[in-house]
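Engineer: Sequence:
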Amino acid sequence: QQQRQDLIEERERLEADLPRLENALEQAPTGWHLGNMVGSEEKQAARDALSNTRASIDSIDYNLRQLDIRIAYAKKLAGADERIALAIEQEKAAAVRIASITESLERVRGHLEQMRSNTEQSLQQAKDVEV
8 QQQRQDLIEE
18 RERLEADLPR
28 LENALEQAPT
38 GWHLGNMVGS
48 EEKQAARDAL
58 SNTRASIDSI
68 DYNLRQLDIR
78 IAYAKKLAGA
88 DERIALAIEQ
98 EKAAAVRIAS
108 ITESLERVRG
118 HLEQMRSNTE
128 QSLQQAKDVE
138 V
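Just so we're aligned, residue 8 is where the sequence shown starts under this note's numbering, counting upward by one.
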């Protein structure tokens, strides 16, 4: 976060310097050759300074975007341990519930098997009585 703040302050400082550099470029003397305007060393130096400042601002903007991505990733990772712990708790609760449901299912199967056995015995007794 501190690095991000430092970059923002640097960008603000450079942006505040832009009008001065643009003015210096406009005010720089120009030379003339055969009636045509040509650049001067002062104008070229002012143009270079302005270009370098704009490039620095662009670079800072890129670095800020990259830093924001890293910060978001770090925050996401920070919450991962909590989410993992919650998932483990939910898994344990689900396992207990599955065990309970499985036990109930086995009891119901046992009751159904007992009912089937009783029904078969009753049918067999009824057949035996008829014969």
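Any given hint could turn out to be false.
[Claimed, not checked] Calculated cross-link-like contacts (lysine to aspartate or glutamate; reagent style DMTMM-like; alpha-carbon spacing at most 20 Å):
#1 LYS99 x ASP88
#2 LYS50 x ASP24
#3 LYS50 x ASP68
#4 LYS50 x GLU29
#5 LYS50 x ASP75
#6 LYS82 x GLU98
[What the hints assert, rightly or not] Computed Cβ-Cβ distance ranges for the label pairs, DEER-style:
#7 TYR80 x ALA101: 42 to 52 Å
#8 LEU71 x SER107: 35 to 45 Å
#9 TYR80 x TRP39: 31 to 41 Å
#10 ARG72 x VAL45: 24 to 34 Å
The set of hints was computed from the structure by calculation and includes no laboratory data. Glycine included, each C-beta is placed from N, C-alpha and C at the ideal position.
Engineer: Look at each hint and say if it fits the structure.
Structural biologist: We went through each hint and held it up to the structure:
A C-alpha spacing of about 17 Å is found between LYS99 and ASP88, which places the hinted pair at or below 20 Å, so the restraint holds. Proposed proximity of LYS50 and ASP24 is supported: the alpha carbons are some 17 Å apart, at most 20 Å. Distance restraint check for LYS50 and ASP68: the Cα-Cα separation of roughly 27 Å exceeds the 20 Å cut-off, and the hinted pair is therefore not satisfied. Note on LYS50 and GLU29: the hinted pairing holds, with a Cα-Cα distance of about 11 Å set against a maximum of 20 Å.
The straight-line distance between the Cα atoms of LYS50 and ASP75 is roughly 37 Å, outside the 20 Å bound, and the hint therefore fails. About 25 Å separates the Cα atoms of LYS82 and GLU98, which puts this hinted pair outside 20 Å; it is violated. Range check, TYR80 to ALA101: Cβ separation about 30 Å, and the 42 to 52 Å hint is violated. In this structure, LEU71 and SER107 break the distance hint of 35 to 45 Å, their C-beta atoms being roughly 54 Å apart.
Restraint check, TYR80 to TRP39: a C-beta distance of roughly 57 Å breaks the suggested window 31 to 41 Å. In this structure the hint that ARG72 and VAL45 lie 24 to 34 Å apart at CB is violated, the actual value being about 40 Å.
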